[in-house]
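*Asks:* Residue strings, one per chain:
2 protein chains.
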Amino acid sequence: MSEKPIETKVDEAQTAALELATLSDERRRAGLEAIADAIDEHHDEILAANEKDVTEAEKLLEAGEYSQALVDRLKLSASKLEDISEMVRSVAAQEDPLEKTLEARRLDEDLELYKVAVPIGVVGTVFESRPDALVQIAALGLRSGNAVILKGGSEAAHSNRVLFEIIEEATATADVPDGWAQQIEAREDVDAMLAMDDSIDLLMPRGSSAFVSYIQDNTSIPVLGHTEGVCHVFVDGEANLEMAEEIAFDAKVQYPAVCNAVETLLVHEDVATDFLPGIVERYEDADVELRGDEATREVVDVDPVTDDDWNTEYGDLELSIKVVDSLSAAMGHITEYGSKHTESIVTEDADRAARFMRGLDSASVYHNASTRFADGYRYGLGAEVGISTGKIHARGPVGLEGLTTYKYHLEGDGQLVATYAGEDAKPYLHEEFDAEWTPGRLSEK
Amino acid sequence: MSEKPIETKVDEAQTAALELATLSDERRRAGLEAIADAIDEHHDEILAANEKDVTEAEKLLEAGEYSQALVDRLKLSASKLEDISEMVRSVAAQEDPLEKTLEARRLDEDLELYKVAVPIGVVGTVFESRPDALVQIAALGLRSGNAVILKGGSEAAHSNRVLFEIIEEATATADVPDGWAQQIEAREDVDAMLAMDDSIDLLMPRGSSAFVSYIQDNTSIPVLGHTEGVCHVFVDGEANLEMAEEIAFDAKVQYPAVCNAVETLLVHEDVATDFLPGIVERYEDADVELRGDEATREVVDVDPVTDDDWNTEYGDLELSIKVVDSLSAAMGHITEYGSKHTESIVTEDADRAARFMRGLDSASVYHNASTRFADGYRYGLGAEVGISTGKIHARGPVGLEGLTTYKYHLEGDGQLVATYAGEDAKPYLHEEFDAEWTPGRLSEK
Chain A
1 MSEKPIETKV
11 DEAQTAALEL
21 ATLSDERRRA
31 GLEAIADAID
41 EHHDEILAAN
51 EKDVTEAEKL
61 LEAGEYSQAL
71 VDRLKLSASK
81 LEDISEMVRS
91 VAAQEDPLEK
101 TLEARRLDED
111 LELYKVAVPI
121 GVVGTVFESR
131 PDALVQIAAL
141 GLRSGNAVIL
151 KGGSEAAHSN
161 RVLFEIIEEA
171 TATADVPDGW
181 AQQIEAREDV
191 DAMLAMDDSI
201 DLLMPRGSSA
211 FVSYIQDNTS
221 IPVLGHTEGV
231 CHVFVDGEAN
241 LEMAEEIAFD
251 AKVQYPAVCN
261 AVETLLVHED
271 VATDFLPGIV
281 ERYEDADVEL
291 RGDEATREVV
301 DVDPVTDDDW
311 NTEYGDLELS
321 IKVVDSLSAA
331 MGHITEYGSK
341 HTESIVTEDA
351 DRAARFMRGL
361 DSASVYHNAS
371 TRFADGYRYG
381 LGAEVGISTG
391 KIHARGPVGL
401 EGLTTYKYHL
411 EGDGQLVATY
421 AGEDAKPYLH
431 EEFDAEWTPG
441 RLSEK
Chain B
1 MSEKPIETKV
11 DEAQTAALEL
21 ATLSDERRRA
31 GLEAIADAID
41 EHHDEILAAN
51 EKDVTEAEKL
61 LEAGEYSQAL
71 VDRLKLSASK
81 LEDISEMVRS
91 VAAQEDPLEK
101 TLEARRLDED
111 LELYKVAVPI
121 GVVGTVFESR
131 PDALVQIAAL
141 GLRSGNAVIL
151 KGGSEAAHSN
161 RVLFEIIEEA
171 TATADVPDGW
181 AQQIEAREDV
191 DAMLAMDDSI
201 DLLMPRGSSA
211 FVSYIQDNTS
221 IPVLGHTEGV
231 CHVFVDGEAN
241 LEMAEEIAFD
251 AKVQYPAVCN
261 AVETLLVHED
271 VATDFLPGIV
281 ERYEDADVEL
291 RGDEATREVV
301 DVDPVTDDDW
311 NTEYGDLELS
321 IKVVDSLSAA
331 MGHITEYGSK
341 HTESIVTEDA
351 DRAARFMRGL
361 DSASVYHNAS
371 TRFADGYRYG
381 LGAEVGISTG
391 KIHARGPVGL
401 EGLTTYKYHL
411 EGDGQLVATY
421 AGEDAKPYLH
431 EEFDAEWTPG
441 RLSEK
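In order, the protein sequences belong to chains A and B.
For what it's worth, the working numbering labels the leading residue of the first sequence as 1, then goes sequentially.
For what it's worth, the working numbering labels the leading residue of the second sequence as 1, then goes sequentially.
I should point out that these hints are in silico values taken from the structure, not numbers from a laboratory.
Bear in mind that the values here come from a model prediction, so they are computed numbers and not experimental data.
Treat each hint with caution, since some may be false.
To be verified - If you anchor each label on the Cβ, the simulated ranges turn out as follows:
id	chain 1	residue 1	chain 2	residue 2	range
1	B	G332	A	A93	33 to 39 Å
2	A	D110	B	S209	32 to 38 Å
3	B	G332	A	T101	24 to 30 Å
4	A	R89	B	L241	50 to 56 Å
5	A	D110	B	D285	27 to 33 Å
6	B	G278	A	P427	56 to 62 Å
7	A	Y214	B	D287	50 to 56 Å
8	B	D191	A	K59	30 to 36 Å
9	B	D424	A	T101	25 to 31 Å
10	B	S443	A	E33	44 to 50 Å
11	A	S326	B	L61	40 to 46 Å
12	A	E298	B	L429	20 to 26 Å
Positions of the beta carbon are idealized from the N, C-alpha and C atoms, including for glycine.
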């Protein structure tokens with residue numbers, strides 16, 4: 001990795017971004033294929049670097065500073081590397097998100113407006129210490145024509161350096177503009193990035209909620225990120241209780257460490273006595289630690305809940321339970337304590353489901369399905385860039401589309417605004433029509 | 001205007017926002033009709049309040065602190081009030097931007113995902129001292145189901161207070177949720193808003209570029225705004241010079257005070273001798289103050305340009321001219337000095353036009369048309385919320401759509417993620433299909 005200052009790296013990324021924006025779909029795909037091939041060809045080099053990271057991490061594990069889970073996530077193998085190059089090829093296979101015409105409107109005869117999808121530009125990313133994260137983010141950036149600044153976790157420093165060099169070299173041979181990907185390692189460089197609002201168009205931090213908040217609070221660059229996931233399942237009085245039990249179980253137990261797992265189960269009082277004993281038994285068999293409010297504890301024997309539980313993302317086999325007396329009370333609880341991530345109602349009553357889905361301000365609202373479906377792959381978005389708990393630009397699971405913006409192309413024939421203003425103003429047509437923008441649209445007619 | 005603290009106002013707006021999100025198109029339109037009628041019925045009251053603002057402004061005009069233009073903009077009349085209520089009715093007539101299904105995807109049999117347009121929530125706005133601005137922003141907010149915090153210029157304080165009361169009363173009688181619109185007047189309240197990232201979803205400041213930058217630098221709330229408009233017209237070597245002259249003239253002279261007027265004219269050296277004398281004569285006849293680089297001054301007699309001119313938004317009858325030796329040089333200049341607002345190339349060569357349009361990172365890029373078309377009304381977006389020079393969420397002229405976001409509705413039949421994971425994972429269908437989300441979609445089958 002070169003020792004260029006961060007300002008030079010971001011400058012180079014800006015220059016590359018302009019070229020990337022006009023790079024054909026074919027060449028961007030060829031760049032990705034080159035990355036995948038290079039990873040396949042450099043297993044030894046990558047695994048040797050990774051071994052250094054793992055050794056250092058194991059020392060810290062012995063010292064009690066790291067968890068086994070962290071060490072496991074760090075560790076690469078030949079088969080994991082195959083998965084990674086496979087992932088890169090699947091990103092290459094995704095439909096091109098660029099230069100689609102999103103809208104076409106005829107303002108007047110021979111005055112055609114096209115809204116065209118384009119890359120965002122320079123995207124600064126900071127991500128967790130899984131070495132596959134660097135490859136994934138670089139791949140998504142290239143697919144969508146964005147220049148990327150990559151800052152990975154220091155635990156994966158050796159692996160990331162080698163992976164970055166491989167990516168840089170592979171894309172250079174595939175004629176992707178130099179400088180499209182830049183790696184930074186120092187925490188000071190992250191802070192320097194936060195001030196570069198003239199040259200960085202978007203920041204995408206991944207990591208703890210505290211870290212994402214820190215980024216948001218210290219930059220005027222737009223931030224796409226994910227803070228907390230305090231998700232709810234509401235078992236309505238009109239629920240099919242068998243279905244409710246399956247959903248409540250899946251939403252907590254299938255994979256409790258992720259942001260779309262349920263943290264609070266809300267149960268309508270009409271079904272509390274019928275529903276709670278069965279689900280509590282299943283949870284306890286699966287070692288879920290349960291806490292309940294008073295009404296819950298009248299029906300089942302669980303620990304008392306505290307007010308802090310309601311807005312805690314456990315990320316583990318823990319769950320809080322509350323009995324509510326109405327749909328409104330359930331919605332009120334979610335509005336007060338939720339993080340606007342994902343909520344599900346289980347009910348046979350379509351109108352009640354619609355009230356729940358319309359009335360809650362969460363990125364994903366479900367009717368009779370597990371909250372665990374909130375994920376870019378499951379949503380069919382292809383690769384996932386991340387999940388956004390913000391409401392601006394992209395919300396919920398974010399795919400390649402979230403890495404694009406648009407620009408207006410206007411094709412005219414010498415039209416002047418003066419013609420359409422004042423006393424004898426010519427009226428606009430403003431007709432939507434169906435066409436892709438292509439160079440010289442008007443002259444071809 | 002009530003003397004509630006800003007925190008109370010924002011709380012009320014948040015509560016109202018949840019109700020507004022489920023308010024039918026019909027009731028939102030009825031609210032707007034009620035506003036328009038109320039304005040029609042209260043001319044005397046509004047004009048009396050406006051008279052106070054104008055009197056105060058005239059005193060400051062005499063003292064040399066205000067400009068005549070500012071006083072003119074402040075002043076209302078019966079006919080201006082008719083225009084304002086007409087504008088509100090036209091916002092009501094706009095197509096509903098809400099609850100449209102933007103995408104529908106079948107994840108599996110009876111597991112349907114809908115991406116549905118919804119309001120953003122609570123939008124904080126700060127705007128210039130034209131009294132019609134308050135009504136316009138409130139109207140756009142209500143049409144798109146957003147609660148709005150309104151902060152107008154202090155010069156229009158009396159007018160704004162009366163207009164706000166009329167709006168508040170009219171929408172209350174039309175059953176729009178109380179508290180959907182909130183007025184603030186103190187500068188301290190604006191600063192307080194900047195810190196309320198838990199309750200305000202978007203800030204839309206209008207005003208000077210310095211003011212918008214101040215807002216961006218002092219909040220972690222997303223900001224949609226417009227900083228500078230340094231727009232360019234490039235007369236290519238392959239231009240129809242007659243057309244080029246008309247466009248260059250219109251882009252500067254038709255209305256020089258606005259952000260989409262051209263500030264720098266770039267001329268290819270191949271046509272400089274043929275093109276410059278004619279356009280310079282027309283500009284001079286229209287009292288445009290001209291500055292040129294050396295090559296320009298070899299052809300026409302204009303003042304020398306300074307480096308500062310290239311990134312100055314004159315907003316007046318002033319223009320800088322540069323002769324360039326290539327399309328790339330023109331693009332390089334725009335990339336270096338432009339503000340990514342609007343640029344136009346005049347050329348008969350479609351490929352050169354395409355290079356210009358693809359290669360520049362501006363919100364609007366034109367071929368053979370005046371930069372002055374960059375405007376929400378001309379683009380056919382209906383009413384314009386503002387123009388964004390950012391690239392995230394909404395870019396260029398922003399219509400009602402820019403005041404919406406989306407949310408995912410998932411309709412299931414008890415589906416669990418466990419079914420689609422692990423060894424015997426059921427594959428997803430991921431079929432796009434054509435349907436609007438309606439309550440109880442699945443149960444109706």
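*Asks:* Now, for every hint given, state plainly whether the structure supports it.
*Replies:* Hints, one by one, checked against the model:
1. G332(B) with A93(A): 33 to 39 Å: About 36 Å separates the Cβ atoms of G332(B) and A93(A), which means 33 to 39 Å holds.
2. D110(A) with S209(B): 32 to 38 Å: 34 Å, holds
3. G332(B) with T101(A): 24 to 30 Å: For T101(A) against G332(B), whose Cβ atoms are near 27 Å apart, the range 24 to 30 Å holds.
4. R89(A) with L241(B): 50 to 56 Å: 51 Å, holds
5. D110(A) with D285(B): 27 to 33 Å: This hint holds: roughly 29 Å between Cβ atoms.
6. G278(B) with P427(A): 56 to 62 Å: 31 Å, violated
7. Y214(A) with D287(B): 50 to 56 Å: 53 Å, holds
8. D191(B) with K59(A): 30 to 36 Å: Given about 49 Å between the Cβ atoms, the range is violated.
9. D424(B) with T101(A): 25 to 31 Å: 42 Å, violated
10. S443(B) with E33(A): 44 to 50 Å: Holds: the Cβ-Cβ distance is about 46 Å, inside 44 to 50 Å.
11. S326(A) with L61(B): 40 to 46 Å: Cβ of S326(A) to Cβ of L61(B): about 60 Å, so the range 40 to 46 Å is violated.
12. E298(A) with L429(B): 20 to 26 Å: Once the Cβ atoms are compared, 43 Å apart, the range 20 to 26 Å for L429(B) and E298(A) is violated.
When the structure is compared with the earlier hints, violations turn up for hints 6, 8, 9, 11, 12 and for no others.
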